[in-house]
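Protein chains: 2
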Amino acid sequence: MAKQKKVVAKEQPIILITNDDDITSPGIKALVEAVKDMGRVVVVAPDKPQSGMGHAITIGSPLRMRKMDLFGDIESWQTSGTPVDCVKLAVDKVLHRKPDICLSGINHGANHSINVIYSGTMSAAMEASIEGIPSIGFSMMDYSYEADLTAAKEIVRKIVKSVIKKKLDKHLLLNVNIPGGPLEKIKGIKICKQAYAKYEEEFAERMDPHKKKYYWLTGEFKNFDKSKDTDVWALQNNYVSVVPVQFDLTNYKLKAQLEKANLFK
Amino acid sequence: MAKQKKVVAKEQPIILITNDDDITSPGIKALVEAVKDMGRVVVVAPDKPQSGMGHAITIGSPLRMRKMDLFGDIESWQTSGTPVDCVKLAVDKVLHRKPDICLSGINHGANHSINVIYSGTMSAAMEASIEGIPSIGFSMMDYSYEADLTAAKEIVRKIVKSVIKKKLDKHLLLNVNIPGGPLEKIKGIKICKQAYAKYEEEFAERMDPHKKKYYWLTGEFKNFDKSKDTDVWALQNNYVSVVPVQFDLTNYKLKAQLEKANLFK
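Which chain is which? The protein sequence lines are A and B, in order. For the first sequence, the residue numbers in the UniProt record's numbering are 1 to 265. For the second sequence, the residue numbers in the UniProt record's numbering are 1 to 265.
Fair warning: there could be bad hints in the mix.
[To be verified] Straight-line distance between alpha carbons at most 30 angstroms, and here's what the computed DSS-like set of lysine-lysine pairs gives:
id: 1; chain 1: A; residue 1: 187; chain 2: A; residue 2: 211
id: 2; chain 1: A; residue 1: 67; chain 2: A; residue 2: 36
id: 3; chain 1: B; residue 1: 161; chain 2: A; residue 2: 161
id: 4; chain 1: A; residue 1: 228; chain 2: B; residue 2: 255
id: 5; chain 1: A; residue 1: 226; chain 2: A; residue 2: 185
id: 6; chain 1: B; residue 1: 265; chain 2: A; residue 2: 185
id: 7; chain 1: B; residue 1: 48; chain 2: A; residue 2: 211
id: 8; chain 1: A; residue 1: 253; chain 2: B; residue 2: 161
No lab work stands behind these hints, which were simulated from the structure alone.
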């Protein structure tokens, strides 16, 4: 960490940018534009949509990587891998060092509540955090590729500036969700916990031309968490939600219970 | 929860079994054999290897499902989806209700420490836990499909029996790793925390016959966590490790810090 701080102090920070929608999506372009004056920005992102890929990595097949020219004078690479693969490739094969910060997004569509677990955007950010790179995933409550990203860019600038300035923990990991609409409608930025809210799945059943069944994943979003300190509450009330996220999945409360119950003795 | 308890009391429990190695792997067969006298076992598992798929779900393409005849009188289905898809399909399209418990594995290869995040085995178990189904993922410290699973089956029986008997929290989620070798060498079962231990990645660079580069993910396992209450320590000392896992990824410690620092005001 000491070494990394020194580098930051001497030079401008290296900002790695990735996403899960793919390297040509408007969201990643907006993210690059929002922070390009804050350091040396390098983009390493998937060559195709990878939404819902979670923390998948590519083990059984090789990966490809190609230099692109999509963001003016900003260095950019597309890979055939998942968002998590992109972070690994960026560190080992593009930067040959850890960046000072990793930003993922801006995702087209929200990643609040339990969606943090399925999200390729957040999994890329988590991968960086595991590596000891402070990291932030940004998502916007609007699925449309035509959505106005002006307000989102302002929010991104404000949050990234604060995080770079404060030099927080090297494992810092934030899940940021931004309401749609103009900046003046956003009431502020709230630090929240992850809501217990999720999709109740139902598969749509169809028949192919060869009379064989197939299934499409569909679902209805339900919030089971009525407390006011959650990301879902914040977004419903037009706040930006910021959930600090961890990769230690140990359930310490249950651990204590199991130890007390002497369960496996 | 009250309703579920009543069902369990009246009938034998429904035990859903899945994995990530695929439905024909010796590990899932061993898991079925270990618990088939404890309830009505139903298998819904992937039709191909899905290791490292993390919590991926299939959004952009449809899924297929086919009834199999692989486990004698045990009902079994293979799907074209990820391990998480299998759990969702099992609940909505096979069982038409939640099972009383979900078991995932036995994985060929360990899923201790940070591997819980990449593991398809554990992601399937986590999906069940999110749905309110008590769930356990089992992995064995031996990658070989020829490994002797006798000891692992004994450990599985002991743990599943305890969990069914105790009727613990509906979100109960355990990550169980079993050392290789015979039962008499295993010193006991330890309730642990997830170690901060991970692979330090390096991509092997190769050239294809058309003179284009490609990359294979490789890595060296490193343990940065020297404490004695971790899963890595337990396994190194020939104990079975049991890590209670949670799907609330909120980092409450960092949340308090950020609130105190008034970071985004």
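Checked hints:
1. 187(A) to 211(A): violated, 53 angstroms
2. 67(A) to 36(A): The hint holds at about 19 angstroms.
3. 161(B) to 161(A): violated, 53 angstroms
4. 228(A) to 255(B): holds, 15 angstroms
5. 226(A) to 185(A): holds, 23 angstroms
6. 265(B) to 185(A): holds, 17 angstroms
7. 48(B) to 211(A): holds, 23 angstroms
8. 253(A) to 161(B): Holds, at roughly 22 angstroms.
This entry does not satisfy hints 1 and 3, going by the numbered hints stated previously.
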